[in-house]
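Residues in the sequence shown are numbered from 214 upward in steps of one, following this note's numbering.
I should point out that these hints are in silico values taken from the structure, not numbers from a laboratory.
Only a predicted model underlies this, so the values are computations on that prediction, with no experimental measurement involved.
No residue lacks a Cβ here, since even glycine has one placed at the ideal position from N, Cα and C.
Check each hint, because a few of them may be wrong.
[What the hints assert, rightly or not] Computed beta-carbon distance windows for the label pairs:
#, residue 1, residue 2, range
1, Asp344, Lys387, 12 to 22 Å
2, Asp272, Pro219, 26 to 36 Å
3, Glu302, Glu384, 22 to 32 Å
4, Gly383, Arg304, 27 to 37 Å
5, Ala404, Pro242, 18 to 28 Å
6, Gln469, Arg267, 22 to 32 Å
7, Arg304, Ser385, 40 to 50 Å
8, Leu465, Arg268, 20 to 30 Å
9, Gly239, Glu302, 18 to 28 Å
10, Asn235, Gly322, 32 to 42 Å
[What the hints assert, rightly or not] No more than 16 Å apart at the CA atoms, straight line, and that leaves these computed lysine to aspartate or glutamate pairs for EDC-like:
#, residue 1, residue 2
11, Lys339, Glu389
12, Lys339, Asp386
13, Lys339, Asp294
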Amino acid sequence: MTTLIPPIRLGVNVDHVATIRNARGGDLPDPVRAAQLACAAGADGITAHLREDRRHIRDSDMRRLREQLTVPLNFEMAATDEMVAIALEHRPHAACLVPERREERTTEGGLDVIGGGIDLAHKVEKLGAADIRVSLFVAPDADQIARAADIGAAVIELHTGAWCELIAAGESDKAEAELARLLAAAGQGSALGLEIHAGHGLDYATAEVMAGVAAVRELNIGHFLIGESIFVGLEGAIRHMRTAMARGRARLGAPQAA
C-alpha cells in the first residue's frame, strides 16, 4: 500500500511589517496589505501576534485582518484573560498560545504547559468551545507535549529557534542533536493525535529540512520573509520559500495527498 504524505502549509507572520510602521508612526507600511500580498503569493494562512504591550500588531490590525482575510488567521497570543477575551471577540481560525515577557525582543522558549496548570487548561477549553483551533508553542520536550495533548490542544507548534541558532553559530554537533529532538517531538505529538507545526528562526534552508519531516503540516515564518522582501520583494521571498518547502517535501519519496 502506498503511503500518502500530507501537504504542508505556509503561514506568514506579518508582525514585523507592523514593527516598521510603528518605528515611525502613522499607518504605513500596512500589515493588512502585506497579509493580502502574502496570500496572493502563495501563503496558506496569516499569523499575527497581538502582544500585551502592542509593540507591533494593534487591536485595529486584528480586527481588519479578521474582516478582510480570505485565508485562515492564526492569532498568536499570551495565555491571559485579556487575550482570550479578544480571541473570543474576533473568532480567528486558530489561536497559538505563546510565552510572553515584556523585556524580550521576540518569543523566547516554549510555553510551560505543565506549569500553566488548570488555568491554562481552562483557557484551552474556552477557546476550543468557541470553535477556535488551539495551538501551543512548545519546545521539543516530551513531558510538555504529553501535557499539551492531555489538556485538549489540537496543535503544537515546535519551537525551532534553538536549532536555527546553533546552525547559524556553526555548532553542527549540537544542531544535529537539537534536530533529533525536534524529529522525536514531531513523532510523539503526531502519535498523540496532535497536528504538528513548526516555526521560529526558519530560513530557506532550515524550512526545507522541516518540510522534509512527514509529520509536520505547517511552517509559520515571519522575520526572515519580511527581511528577505527588502531584497527580492515579498512575493519573491514567499515564492522562494514555497520552492524550498516543496523540495523538502519531495525528498520524502512518497506521493503527496491533495
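- Message: Looking only at beta-carbon atoms, does the pair Glu302, Glu384 fall within the given range of 22 to 32 Å?
- Response: Between Glu302 and Glu384, where Cβ atoms are some 44 Å apart, the hint is violated.
- Message: Hint check: Lys339 vs Asp294, CA-CA at most 16 Å. Holds or violated?
- Response: Distance ~11 Å between Lys339 and Asp294 Cα, so the pair holds.
- Just tell me: holds or violated, for the beta carbon distance of Asp344 and Lys387 against 12 to 22 Å? violated, 41 Å
- Item | 32 to 42 Å as the expected CB spacing between Gly322 and Asn235, which holds or is violated | Between Asn235 and Gly322, where Cβ atoms are some 25 Å apart, the hint is violated.
- Query: Does Lys339 pair with Asp386 here, judged by a C-alpha cut-off of 16 Å?
  - Reply: Judged against 16 Å, a Cα distance of about 42 Å means the pair is violated.
- Message: Please check whether Gly383 and Arg304 have a Cβ separation lying inside 27 to 37 Å.
- Response: Since the Cβ atoms of Gly383 and Arg304 sit about 45 Å apart, the hinted range of 27 to 37 Å is violated.
- Message: Against the range 18 to 28 Å, how does the distance between the Cβ atoms of Ala404 and Pro242 compare: consistent or not?
- Response: violated, 42 Å
- Determine whether the Cβ-Cβ distance between Asp272 and Pro219 falls within the hinted range of 26 to 36 Å. Since Asp272 and Pro219 have Cβ atoms about 35 Å apart, the given range 26 to 36 Å holds.
- Task: Given the hint of 18 to 28 Å, check if Gly239 and Glu302 actually sit that far apart at their C-beta atoms.
- Result: holds, 26 Å
- Just tell me: holds or violated, for the beta carbon distance of Leu465 and Arg268 against 20 to 30 Å? Between Leu465 and Arg268, where Cβ atoms are some 39 Å apart, the hint is violated.
- Query: Do the Cβ positions of Gln469 and Arg267 conform to the proposed distance bound of 22 to 32 Å?
  - Reply: violated, 40 Å
- Query: Given a hinted range of 40 to 50 Å, is it respected by the beta-carbon distance of Arg304 and Ser385?
  - Reply: Given range 40 to 50 Å: holds, Cβ gap about 44 Å.
In the structure shown, a violation is registered for the earlier hints numbered 1, 3, 4, 5, 6, 8, 10, 11 and 12, in ascending order.
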